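Student: Sequence:
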Amino acid sequence: MQSKKDIRTRIAQEKKQHTTEELHNLSSRLFSQLEAHPRFQLAKTVLLYHSLPDEVQTHAFIEKWHSQKVIVLPVVKGNELELRTYKGADQLQTGSFHIQEPLGTAFPSPASIDLAIIPGVSFDRKGNRLGRGKGYYDRLLNKLNVYKIGICFQFQLTEPGLPTEDSDIPMDEVWTENGNVASTGRQC
Numbered sequence: 313m314q315s316k317k318d319i320r321t322r323i324a325q326e327k328k329q330h331t332t333e334e335l336h337n338l339s340s341r342l343f344s345q346l347e348a349h350p351r352f353q354l355a356k357t358v359l360l361y362h363s364l365p366d367e368v369q370t371h372a373f374i375e376k377w378h379s380q381k382v383i384v385l386p387v388v389k390g391n392e393l394e395l396r397t398y399k400g401a402d403q404l405q406t407g408s409f410h411i412q413e414p415l416g417t418a419f420p421s422p423a424s425i426d427l428a429i430i431p432g433v434s435f436d437r438k439g440n441r442l443g444r445g446k447g448y449y450d451r452l453l454n455k456l457n458v459y460k461i462g463i464c465f466q467f468q469l470t471e472p473g474l475p476t477e478d479s480d481i482p483m484d485e486v487w488t489e490n491g492n493v494a495s496t497g498r499q500c
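Mapping the sequence shown onto the working numbering, position 168 (from 1) lands on 480, and the numbers just tick up by one.
Calculated directly from the structure, the hints in this document are not laboratory data.
The structure displayed is predicted, hence computed values, not measured ones.
Treat the hints with caution; some may be incorrect.
[Said to hold, decoys possible] BS3-like cross-link-like pairs, simulated, lysine-lysine; straight-line CA separation at most 27 Å:
| no. | residue 1 | residue 2 |
| --- | --- | --- |
| 1 | K356 | K455 |
| 2 | K327 | K316 |
| 3 | K317 | K446 |
| 4 | K438 | K316 |
Work the whole structure out from these sequences, hints included.
Tutor: Structural data, given as structure tokens:
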């Protein structure tokens, strides 16, 4: 099995093989399928992320849905992620790691989040997730009882699987531009 460091290096090299336009098109394809998911359709409050250029692009999706659903985005606060409501592109500021983060105060009711759509460097077909290595999402998701869908590009899947640790929080499903590629069968 490859090390986490080797997988991160391989995925970073693979991302460089794709143009910004290609990643945008793959992202659009993924979200056009995911928005038909029953859990997304029923969700009133959705945890998302404001993407970096090499991640599944969330900006257009957030803009499309924030007037119909409560969209919550993470803000890096020390070693933790604080959640805040997205209120429009004009209410963002550049935060840690050059990520656009919402202004305002902490989201008052994390227990009301119906669905979490989570980024990752890589996923496997068992729902395991490899992040950037700082553990932010694992610490956050450990505190939330929410259905989790990991999203990535197809080339970010690692087979036969990822190395995991006890602190790693698995996803309930993993989606790529090719649709649902992993379901753990969790009923929430």
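Student: All hints are to be evaluated individually against the structure, with a verdict given for each.
Tutor: To see whether the hints hold, each was checked on the structure:
For the proposed pair K356 and K455, the alpha carbon gap of about 19 Å is at most 27 Å, so the pair holds. The hinted pair formed by K327 and K316 meets the criterion: a straight-line CA distance of about 16 Å does not exceed 27 Å. For a cut-off of 27 Å, the pair hint linking K317 to K446 stands: about 13 Å separates their Cα positions. At most 27 Å may separate the alpha-carbon atoms for a hinted pair to count; K438 and K316 meet this at roughly 16 Å.
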